[in-house]
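Protein chains in written order, with our numbering: chain A, 148 to 414; chain B, 2 to 267.
Hints were generated in silico from the structure; no laboratory data involved.
All C-beta atoms in this analysis are idealised placements derived from N, C-alpha and C, irrespective of residue type, glycine included.
Some hints could be false.
What the hints assert, rightly or not - In silico lysine to any residue, SDA-like type, Cα no more than 25 Å apart, as pairs:
1. K236/A <-> W60/B
2. K55/B <-> P348/A
3. K50/B <-> N205/A
4. K50/B <-> F388/A
5. K226/B <-> K236/A
6. K50/B <-> F346/A
7. K399/A <-> W283/A
8. K353/A <-> A43/B
9. K236/A <-> S18/B
10. K350/A <-> S18/B
11. K226/B <-> P348/A
12. K353/A <-> V206/A
13. K282/A <-> D53/B
14. K236/A <-> D53/B
15. K50/B <-> E196/A
16. K236/A <-> A159/A
17. K50/B <-> T376/A
18. K50/B <-> S345/A
19. K226/B <-> K353/A
20. K55/B <-> T376/A
21. K236/A <-> A43/B
Said to hold, decoys possible - Stretch by stretch, here's where chain B covers chain A in the computed footprint (C-beta under 8 Å, at least three residues):
22. 170-177
23. 260-270
What follows is each chain in one-letter form.
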Amino acid sequence: MLNTIQIYIEFARKSFQQSLQYRIANYSGLAVNTFFFIVRAYVFMALFENRGDVAGYNVTEIITFTGITQAILMVVGIFGTLEIANAVKSGEVAVELMKPIDYQFVMLFRQFGRSLYYFFFRGLPIFLVMMIFFKWTLPHSLIALLLFFISLILAVMITFSFNFMVGMSAFWLLDARGFSGIMMGAGLLLSGFMLPVSFFPSKLGKICEWLPYIGQSYTPVAIYLGKYTGMTMISMLLRQFAWVVILMLFDKAIMRLAMRKLIIQGG
Amino acid sequence: MYYIKLYFSLISAILRSQMQYRTSFIMQVIGNFIVTFVDFIAIMFIFGKFTDIKGWTLWEVGLLYGMTSVSFSVAEMVTRGFDLFSRMIRLGEFDRILLRPSGIFLQLMTSDFDLRKIGRVSQALLVLIISCQKIGIGFEPLKLTFLAVAIVNGMVFYMAIIIAGATICFWSVESTELPNMFTYGGVEATSYPLPIYRRWFRNILVFIVPLVFVNYFPALFILDKVDPLGLPYFVRFLFPLASIMLMIPAIRFWNYGVKHYQSTGS
């Protein structure tokens, strides 16, 4: 047991190191994320001019919302990745599936390694820009900060599960780009990444709180800002956790089906 | 004439090959439609809570959004070859292009054509048409012509950025996202009226990468708006200059890159 965990952690470590290689790519990505943060922050500042609270947010809170969503964007990987789908398409996945370790967990830990890298080299710098140049707000409480990190890990796992699902779909669709685009498009809006769900028409906002997407982005941010506190916060965290379990099990089932298909094709 | 014929015959070959995987193609078109459509849905939700942004209403913002999105998405669709250029350099495929008896520029333009982006184009057009109709500029031929010219101008503008961005690949093997700042980021920034930004940021959008000429200045004319920044009236008509002044150095830069190209040898 301990040995297996060590193997998975090794995968995370390796993917962290691998990410370190792409320095120029990271600087340019950082510039792009920061640009988007600045634009969105100015948009909200203009909207909130001479206004008090709107949809439960004041201007510093909405700036902080924008800063954190941009900071965790790459940590969570909300734009999706075709890494697994491409491995299926090229046939590389066959070799991976032959190994006596769980492919799903290998990929999850690789994502953890990448997420940790992006936390330090993408997330923190963007947060720093916000701290220096904009009016922002501290986490609601120390507990909120702590739970923010737990929620963030769950957010990584939900997004990973979606990506894995898209990847596995390539066994049937061959080209997963379309499915990926549809999933990602829905996720960008429904996750509360672009806009807090409290800005949505109220019925839609309520529905969103029960969907898995919200756990990709809004739940951690809302916990940081104290928009979810007490029982609501616990309930939102439990929903996030429940979706992680459901999606991971679902993915596992799909992977089993895919492996059967793989054997039929003969690799 | 020969080149135009060549362009269309090569593009039609690419389109036929893309149509081979029909289900995948249709799903990608839908995916592209949705990914950008949610952008505008978010804007609509915002205007459910606010009446205006610095005096601009939802459909006026829709006009800005529609103009910049149509311009960019068409530019992106036709310059797909430049988008894939970094991979071409890395794999040494560019050498093959240099050996062929045809213009390099033309070959790049015809190396790929991203028809799947039609999802994005149609979404942008839809927003533009609805916005025009809501604002009530549907039956003014002068303004519609002006709008069409401005949009074509915007396409040239974005194409220049994409070409200049691809040229960087001649020197940096690692693909860079930096041009995205002024393409995707440019679309985002120009979806809202210029006066919402602070002075330093406005200066970037006017003087360094003059994105405001894509839609803000032409839109001021179309909407008969007073410019709160107090720039002279004729600035509204200067936009073709901006894209020409960007396209010429972009092509020069490209040619310079081609001249100094050294193969990766792989």
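> Is K50/B within 25 Å of E196/A, Cα to Cα?
Replying inline: Roughly 13 Å separates the two Cα atoms, so the pair holds.
> Are the Cα atoms of K50/B and S345/A separated by 25 Å or less?
Replying inline: Since the Cα atoms of K50/B and S345/A sit roughly 10 Å apart, the hinted pair holds (cutoff 25 Å).
>> Check the hint pairing K236/A with A159/A against an upper bound of 25 Å on the C-alpha distance.
In response: Holds, at roughly 24 Å.
> If you draw a straight line from the CA of K226/B to the CA of P348/A, is it 25 Å or shorter?
Replying inline: violated, 31 Å
> Holds or violated: are the alpha carbons of K226/B and K236/A at most 25 Å from each other?
Replying inline: The given pair, whose Cα atoms are some 53 Å apart, is violated under the 25 Å limit.
> Holds or violated: K55/B with T376/A, Cα cutoff 25 Å?
Replying inline: violated, 34 Å
> Are there three or more residues in the segment 260-270 of chain A whose C-beta lies within less than 8 Å of some C-beta in chain B?
Replying inline: violated (count 0)
>> Check whether the Cα positions of K350/A and S18/B lie no farther apart than 25 Å.
In response: violated, 44 Å
> For the pair supplied as a hint, K55/B and P348/A, is the alpha-carbon distance within the 25 Å limit?
Replying inline: Holds - the C-alpha atoms of P348/A and K55/B are around 23 Å apart, at most 25 Å.
>> Can you confirm whether the C-alpha distance between K399/A and W283/A stays at or below 25 Å?
In response: violated, 41 Å
>> Would the hint linking K353/A and V206/A be met if the CA-CA limit is 25 Å?
In response: Distance of about 23 Å is within 25 Å: holds.
>> So if I understand the rule, the pair passes when the alpha-carbon distance is 25 Å or less; does K50/B with F388/A pass?
In response: The hint is violated at about 31 Å.
Checked against the numbered hints given earlier, this structure breaks hints 1, 4, 5, 7, 10, 11, 14, 19, 20, 21, 23; the rest are met.
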